[in-house]
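Visitor: As a plain string of letters, each chain reads:
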Amino acid sequence: MNLTIAGITARGLFGRRRFLLLFPLPVLLLVLTLAAKGAGVAPDHWAPSVIDGMGFAVMVPVIALIVGTGVLGSEIDDGTVVHILAKPLPRHQIIVAKLVVAAGITAVTSAVPMFIVGVLVDSVRFGVALAVACLVAALGYSGVFLAMSLLTRRPVLVGLLYVLIWEALLGNVLTGTRVLSIHQYALTVTHAIAPNDLIKAHVGLPAAIAMTGVFLVGGALLAIDRLRSFSVAGETS
Amino acid sequence: MPADIVPTQAAPVEPSGGVIHDIGYQRYEGPRLGRGYAARSLYVHSLRAAFGLGRSAKSKIFPWLVVALVFMIATVAVAVRGQSGTALLGYLQFTDTVSMPTLLFLAVVAPELVSRDLRAHVLPLYFSRPLSRSDYALTKLGAMTTAAWLLLASPQLLMFIGGVFSRKDGMSGLLDELHDFGQGVSYAAIAAVAFSALAVLLASLSSRRAVAAAVIAGVYLVTAPVAVVLATLGGAIGKVSPVINPVTLIEGLERWLYGRNTGVDIGDYGVVYLAVAVVLLVAYVALLLARYRKVAA
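First to last, the sequence lines map onto chains A and B.
First residue of the first sequence: 304, per this note's numbering; consecutive thereafter.
First residue of the second sequence: 16, per this note's numbering; consecutive thereafter.
Hint data in this document are derived by calculation from the structure and do not stem from the laboratory.
Because the structure is a prediction, the values reported are computed rather than measured.
We treat Cβ as the ideally placed atom computed from N, Cα and C, and that holds for glycine.
Be a bit skeptical, because a hint or two may be false.
Stretch by stretch, here's where chain B covers chain A in the computed footprint (C-beta under 8 Å, at least three residues) [as the list claims (entries may be wrong)]:
#1 345-356
#2 457-465
Using C-beta positions, here's what the derived DEER-type ranges look like [what the hints assert, rightly or not]:
#3 Ser-534(A) x Ala-94(B): 40 to 48 Å
#4 Leu-172(B) x Leu-388(A): 50 to 58 Å
#5 Leu-454(A) x Thr-90(B): 30 to 38 Å
Pulled a few chain B residues facing chain A out of the computed Cβ check, cut under 8 Å [to be verified]:
#6 Leu-119
#7 Val-123
#8 Ala-225
#9 Ala-232
#10 Val-234
#11 Leu-236
#12 Val-237
#13 Pro-240
#14 Val-241
#15 Val-243
#16 Val-244
#17 Thr-247
#18 Ala-251
#19 Val-255
#20 Gly-278
Hey, can you work out the whole structure from these sequences and the hints?
Guide: See below:
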């Protein structure tokens with residue numbers, strides 16, 4: 304962990320217009336919750352689609368995708384990554400700093416609206432459960448998307464494929480793929496902390512926690528390895 | 016040879032003044048292929064580019080991955096139908112099943128067709144030809160629509176051939192099958208037009224392909240859950256809300272036009288779906304044309 308790298312990363316993230324993309328989804332989530340609550344419909348009708356369908360399936364991965372591919376990807380894109388690589392820093396310090404910033408920002412921007420939604424829907428306990436689940440998901444996604452930004456030149460696209468095809472499409476058709484889906488781990492964590500009928504878990508809690516760790520550590524190790532042999536290339540095709 | 020031009024071979028007569036040599040440049044006197052020809056060429060080129068034909072192997076990966084996926088689904092449908100006799104997947108249902116891969120195909124290909132030209136600043140080269148700005152925009156849209164339609168309709172042709180051979184009721188069965196197939200490909204055309212108009216418009220706003228792809232996928236990603244949540248509220252809002260998402264909009268339209276239960280509850284508001292679809296299409300095309308009237312060439 305290197306505080307200077309973390310500081311530069313955070314500044315680079317907040318200093319871009321891209322950062323504004325983080326806000327519409329949480330706002331939309333809150334607006335929908337308030338609208339549904341205002342309409343007076345029972346929460347079991349709309350809460351699953353707000354919390355699971357909108358929150359965990361879309362908001363958390365999209366925020367994680369924007370942040371996770373932005374912390375290193377934008378520096379690779381504009382070429383300034385060379386300045387960091389030229390410093391006598393172990394690669395793991397760079398990756399860990401980036402990962403902490405990515406997971407931290409993702410967790411805060413997604414956990415706060417989810418906590419409010421949880422409190423509005425059910426109880427403070429449910430809100431806490433959702434917030435913790437957001438943190439878990441943020442850790443897993445950040446590991447994957449950070450590694451992705453080093454493995455491919457189009458990390459956003461590959462990340463979207465993972466979210467849309469693997470988690471959304473195959474998660475519903477081939478239920479076995481749920482074991483490898485961060486989305487499902489978040490649902491499991493929610494269910495473990497605040498068991499109710501609104502959120503259904505499909506993966507066991509030990510498996511969910513272990514697999515999140517695998518995604519996080521695996522992504523970090525992969526990223527460190529790729530950064531060791533990183534070659535600065537110009538824009539191709 | 017005009018009299019006032021000094022032949023090359025002649026020795027320079029006036030050492031002080033300049034001399035124009037005739038080095039044999041010739042005017043083009045062949046036929047001039049006009050606007051239609053230019054548009055047609057651009058259309059064919061764009062349609063080929065949509066599938067990466069004539070491009071590097073790297074740009075073929077994604078389009079053909081999607082093509083392989085949709086044909087795989089169609090093949091499974093044909094095999095199951097041949098073995099069990101009942102259709103697992105109808106023609107209309109096919110388009111809905113593959114709508115997600117199709118959207119991703121559009122998210123990747125539409126920026127490939129449109130954003131690349133913006134980024135490379137080659138539009139002045141296009142517009143210095145007889146091709147007008149609106150010709151360019153409409154041609155690109157046409158190529159994108161055709162590519163999306165081919166992606167949706169050609170697997171259905173496979174399903175049709177398989178279906179005809181697995182039927183045992185002769186001529187009436189063939190006509191029956193042909194009717195279903197016609198519905199399927201016409202619905203595929205509706206889907207192709209609806210998706211492409213939005214995708215090309217969004218792609219034309221950004222010169223960065225990655226950004227354009229993310230925006231196109233993002234519009235779907237964000238509107239889908241909103242539509243689902245609003246639909247659970249019931250009432251008139253719940254029945255009309257699917258129109259905000261391109262996929263559920265055409266599914267609602269499908270239910271109204273062809274009467275297939277698509278899971279989208281449209282109630283008595285089928286006309287609203289048609290009206291919204293038409294208004295959106297007109298708006299997308301108008302905005303696209305406006306964009307290309309303004310774009311820096």
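Visitor: Okay, which hints does this one fail, numbers in order?
Guide: The structure breaks hints 10, 18, 19, 20; every other hint is satisfied.
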